[in-house]
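Novice: In case you want the letters, here they are:
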Amino acid sequence: MERILGRRGGIGLTRPLTDQDLITQVLTGKKEEFSILIQRYQQDAYKLSMVILKHRADAEDAVSEAFVKAFKALPSLREDSNFKSWLLTITHNCCQDILRKKKKDIPLNESQVEALAGGDTPLQQVVRSEEKQALWAALLQLPQGDRTAIVMKYYHNASYDDISRTLQWPPGTVASKLSRAREKLRKILDGGEIR
Amino acid sequence: MMICKECPSIADILAWNDGELLDRAINTYIQGHIETCPSCQELVDKINSENSLISSLLDEIAPMPDISTMVLKRIDKITPNINYLLSIISSLWITSISFAFIVLEPYFAIYLDQKLTIPFFIKLFSSLTTLALAVSQFANWLTNLLIAEKPVLPALTITLTVLFVNMYNKRRLTNV
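Residue numbers (our numbering), protein chains in the order written: chain A, 1 to 195; chain B, 1001 to 1176.
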C-alpha cells in the first residue's frame, strides 16, 4: 500500500505523492517512479479493457501497452490534465488496436461470460447474485462504445468531457447516448433485443 | 414508468443525477421537479441502484497481477539510459587517449625489446607508459560504464584494439 501511495517528507510529515508529483519525478529522469503510477491505476485500466475486449490475456496486453504508450507520451501531458482519464483514453485506444487486429468484437456464449469475471473460477463464486450475473451478461452484449461509456461513467466516475474525448463522441451527446445505452441495457435485462 | 408532459427528458435527468448539467436554471428546475414528481423520483432511484450495481459488478472482476516490473523493463528497452553528451565526450576522450598510446608506446618499447644500453629514465618512462596504457584502458572502461550506465561497445572495441595493436607492435619490433 505504501508503495502505491508513494510518500514524501520527513518523519511524521509524510503525505501521499500526487500523480503530478510522480509525473514530474518521472520526467526528471526517475523512471522507477512510474511503477507507482502503474500500481495505482493498472486495475482501473484492466477493468475497462476487460469490458471492451472480454478476454483476460488481451486485456492484460492492452494495459501493459497502454502504460508503455503513456510513458512515451508523458511529456505531452498537460499539468492540469487528469492522469487517470488520460490513461483510460490510451487504454481504450490500445483495446481498439487489439480489436482491429482481431477484426471484430467477439460475441460470447454464456460460459465465456461466466468465465470472464473470475478466470477459472465460476462466475457464481465471483458474482454472487443472479441480478449481477444477468447485468454482467447484458453489459457485455451492449455495443462496445456503449459499454465503455457506462463503465467509464459509473465505475471510473469519468466526466462527460472525458467520455466524449475517449470515444470521440460529439460533445453534448454523451447524456443522450448514455441514456440510450442504459435503455438498451434494461431491454436486454428484460429479455428484449437491442435496437 | 409514466413520464408526464412537464417531466424533463431521461437524458436530462441522467445528466442532472451525474452532476453534469452546467446550466444552473435547468439544474434548479429538475431538482424542484424531481422533489414533486413520484415517477421521476422512481426513475432517479432506479438509476442510482443500477449505478451502484454496475460499480459493484466491476469491483468483483478478479484483479490482474502486478505488471509494473514488466512494463518498466519494456520501457528500459525502448529508452536507452544514456546521456548522449557525456557519452560523446567520454568516447572522444577514450579514443584520443587510446590512440595517443598506440602511437607513443611502440617507440619506447623499441628500447626495451632490443635490450640496448639506454638511459635509466627512458627505461622507466617506457615501463610507466606500458603500465599507464593498461591502467588507463581499465579506468576508461569503468568511467564509460559509470557515465553511460550501460557498457558501450565502442569503448570495449577501442580497448581491445589498443591491446591487440600494442601486442602486434611489440611482436614486430622484437623480430626486427
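Be aware that a few hints might be false.
[As the list claims (entries may be wrong)] Partial chain A-side listing against chain B, Cβ under 7 Å, derived:
| no. | residue |
| --- | --- |
| 1 | Lys-47 |
| 2 | Val-68 |
| 3 | Phe-71 |
| 4 | Phe-83 |
| 5 | Gln-133 |
| 6 | Leu-135 |
| 7 | Trp-136 |
| 8 | Tyr-154 |
[Unchecked claim] In silico lysine to any residue, SDA-like type, Cα no more than 20 Å apart, as pairs:
| no. | chain 1 | residue 1 | chain 2 | residue 2 |
| --- | --- | --- | --- | --- |
| 9 | A | Lys-54 | B | Ser-1049 |
| 10 | A | Lys-31 | B | Lys-1073 |
| 11 | A | Lys-54 | A | Ser-159 |
| 12 | A | Lys-84 | A | Ser-159 |
| 13 | A | Lys-132 | B | Lys-1073 |
Derived from the structure by calculation, the hints contain no laboratory data. Just so you know, even glycine gets a beta-carbon here, dropped at the ideal spot from N, CA and C.
Novice: Tell me if A/Lys-47 is really an interface residue toward chain B, meaning its C-beta lies closer than 7 Å to one of theirs.
Specialist: holds (5 Å)
Novice: Restraint: A/Phe-83 near chain B, CB-CB cut 7 Å. Satisfied or not?
Specialist: Constraint on A/Phe-83 not satisfied, violated at 15 Å.
Novice: Using Cβ atoms only, decide whether A/Leu-135 comes closer than 7 Å to chain B, and label the hint accordingly.
Specialist: holds (6 Å)
Novice: Is the interface hint satisfied for A/Val-68? The criterion is a beta-carbon contact with chain B at less than 7 Å.
Specialist: holds (5 Å)
Novice: Taking 7 Å as the limit, does the beta-carbon of A/Phe-71 come near enough to a beta-carbon in chain B?
Specialist: With Cβ-Cβ at 5 Å, under 7 Å, it holds.
Novice: Decide if the proposed pair is consistent with the structure: A/Lys-54 and A/Ser-159, CA atoms, cutoff 20 Å inclusive.
Specialist: violated (24 Å)
Novice: Take a quick look at whether A/Lys-84 and A/Ser-159 sit within 20 Å of each other, Cα to Cα.
Specialist: Judged against 20 Å, a Cα distance of about 12 Å means the pair holds.
Novice: Take a quick look at whether A/Lys-31 and B/Lys-1073 sit within 20 Å of each other, Cα to Cα.
Specialist: It holds: about 11 Å lies between the C-alpha atoms, which stays within 20 Å.
Novice: Quickly compare the C-alpha distance for A/Lys-54 and B/Ser-1049 to 20 Å and report which way the hint goes.
Specialist: violated (24 Å)
Novice: Assess, step by step, whether the Cα of A/Lys-132 is no farther than 20 Å from the Cα of B/Lys-1073, and give holds or violated.
Specialist: Violated, because 38 Å separates the two Cα atoms, which is more than 20 Å.
Novice: Hold the hint about A/Gln-133 up to the distance rule: shortest CB distance to chain B must be less than 7 Å.
Specialist: violated (9 Å)
Novice: The hint names A/Tyr-154 as touching chain B; please verify it with the least Cβ-Cβ distance against 7 Å.
Specialist: holds (4 Å)
In terms of the numbered hints stated before, the structure departs from hints 4, 5, 9, 11, 13, listed from lowest to highest.
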